[in-house]
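The hints should help you fit chain B onto chain A, whose structure is shown.
Chain residues, written in single-letter form:
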Amino acid sequence: MQPEIQSLFDAIIDGSAKGATDAAKNALDAGLDPSSILNEGMIAAMKEVGKRFEEGEFYVPEMLVAARAMQSALSLMKPYLKDANIQSAGRVAIGTIKGDLHDIGKNLVAMMLEGAGFEIIDLGTDVAPEKFVNAVQTQAVDLVALSALLTTTMPTMRTVIESLNTAGLRGKVKVMIGGAPVTETYAQQIGADGYAPDASRAVALAQSLVKRA
Amino acid sequence: MLENRDYTQHNEEAKAVWEAYRTRIPIRVPVTLWSDARYFLQDPAFNPDGRITFQDFIENADIMMDVQLRGAQHRAFTVALFCDDQAGSPDEYHVTVDMLRFFDAGFFGCPLRYCEGQMPDTVPILAGDQKNLLFDKGLPDPLSGGIFGWAHEMCARMMDRIGKGFTFAGKPVRFDPFGLGTDGPLTTATSLRGTELYLDFYTDPDYVHQLLDFVTSGTIARIRAHRQFFDLPLVSEDWAYADDAVQMLSSEMVREFVLPVHQKLKKELSSTGQVSLHLCGNATRHFKMFRDEMNVASFDTGFPIDFAWVRKELGPDVEIQGGVRAPQLATGTPDEIYAEARRILESGIMQGGRFILKEANDLVPCTPMENLDALYQAARSYGVY
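Residue numbers (my numbering), protein chains in the order written: chain A, 4 to 216; chain B, -9 to 375.
For reference, chain A alone in the conformation it holds in the complex:
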């Protein structure tokens, strides 16, 4: 790995926003390929963050601070990525389900997905089914990600899927679900395409569901 890219990788793992921005700038100044900087320095770092989370080495603060560092570097990189015509991994509409105001899990998943190269449309909390449908209709969404913390709001996940069906959109978009009370069995019961137990595994699931040419 090029030393500039290694510095970027390390800064993201360390959660240093300034370090990540400086390293990304150095990498660009050194004439390195934006695609390599993105994939080897940034996406690889966030993959490592996810791995450390799964292994119990990182927890929510470590993930958030790394994701923030990644976002700082990404802001700098965006014009270069656009010029190089580098495509995102997919477009995700994410939100906490109607009636539920909890957003830490949703935010974490959104940040980790962004760190994996996805474009994020964050619909926020207390999101009505029709808002998810509208996002799919108007924003070329590849994947809908639904979050719920309350057992009493979980059933609305099924309503979102039914609404996508009714709108004739279900075949055009994948749906993944997550949140404390949700399980793989529940995902199957309501016709979701997948379930992830945490933010790290949400990335792997999203990548398996959205495979862009």
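I should point out that these hints are in silico values taken from the structure, not numbers from a laboratory.
Values in this document were obtained by computation on a predicted structure and should not be read as measured data.
The beta-carbon is built from N, C-alpha and C at its ideal position, and this holds for glycine as well.
All clues stand as given, with none of them false.
Examples of chain B residues toward chain A, derived with CB under 8 Å:
| no. | residue |
| --- | --- |
| 1 | T185 |
| 2 | M243 |
| 3 | P317 |
| 4 | V354 |
Positioned in the frame of chain A, the structure of chain B alone reads:
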């Protein structure tokens, strides 16, 4: 089947199970089932068409009393039969000011937000550049801060009705004190600041310490003021509290940031008695620390839980409350519930006789009674010592 239950037999069995448990000569794992106002308000059989909204419940003392009383009556003839509660008509009924899960953040001034058909929640007031807002304002009044002003108006109305001889189903009604508990400093700070709090742990750790200390000081003042208001001892022997948000931190961070404020709560509010701690979510990695540093002798758990590991980690003397996941209890078949309860009971968790089987965590509205029965019967078959 339910109508044919023999309440006397059930009640005698339940009483014997609890007495044996408390005297440390257990005969069977006790079963408890916790339900809150949601369980009733979101059940169409109890509240057809959602006619009583959460806003009605929260803003109208008479409606709150009515829901609590009818809920207790309903429970006494249904849920109570599938756990080791006393079933059938109680000798007296109890009401209180129920602030659901928003009392901690509401005390510090977080506004309530109602979502249709759902329990209200609070909105963070310290997000973004408002992070120091509360420090500028100072601690809320311990009795009337935030939503507690409203709570005391509700309290006055309820006590006035009871004072005038109000009864329910021919039985006396008692008012239970409120404002005496906490869902924990970190959980409260999370409600106040939102997701950003978890960035603050790295970007502004002094702020996290300051906010947790502020929240803890306010909580102590509020609880002590309510103990005084209700003529209770200012220092209690035992102490029960929660702090679900610790599941989001490493044990090192819990030890550095959270444990000191937990210890402060305990020091100010209780003597040397037993501490009970509710921690739902994936927080078992912290249990041993809380046992050793906080003298926690009872853990009320949610999910996920590896029961065999927890018992091995904590030893036989620590009480563990836990059981089948509430969502599974609501949506599974009786056979699945029975099998899951059996799996838990056979995990090794019963070693030492300090296990209580329950729903994990809070009964979901409309959970089938057949599933509750399956849980209970599993305890009666596989929870015997």
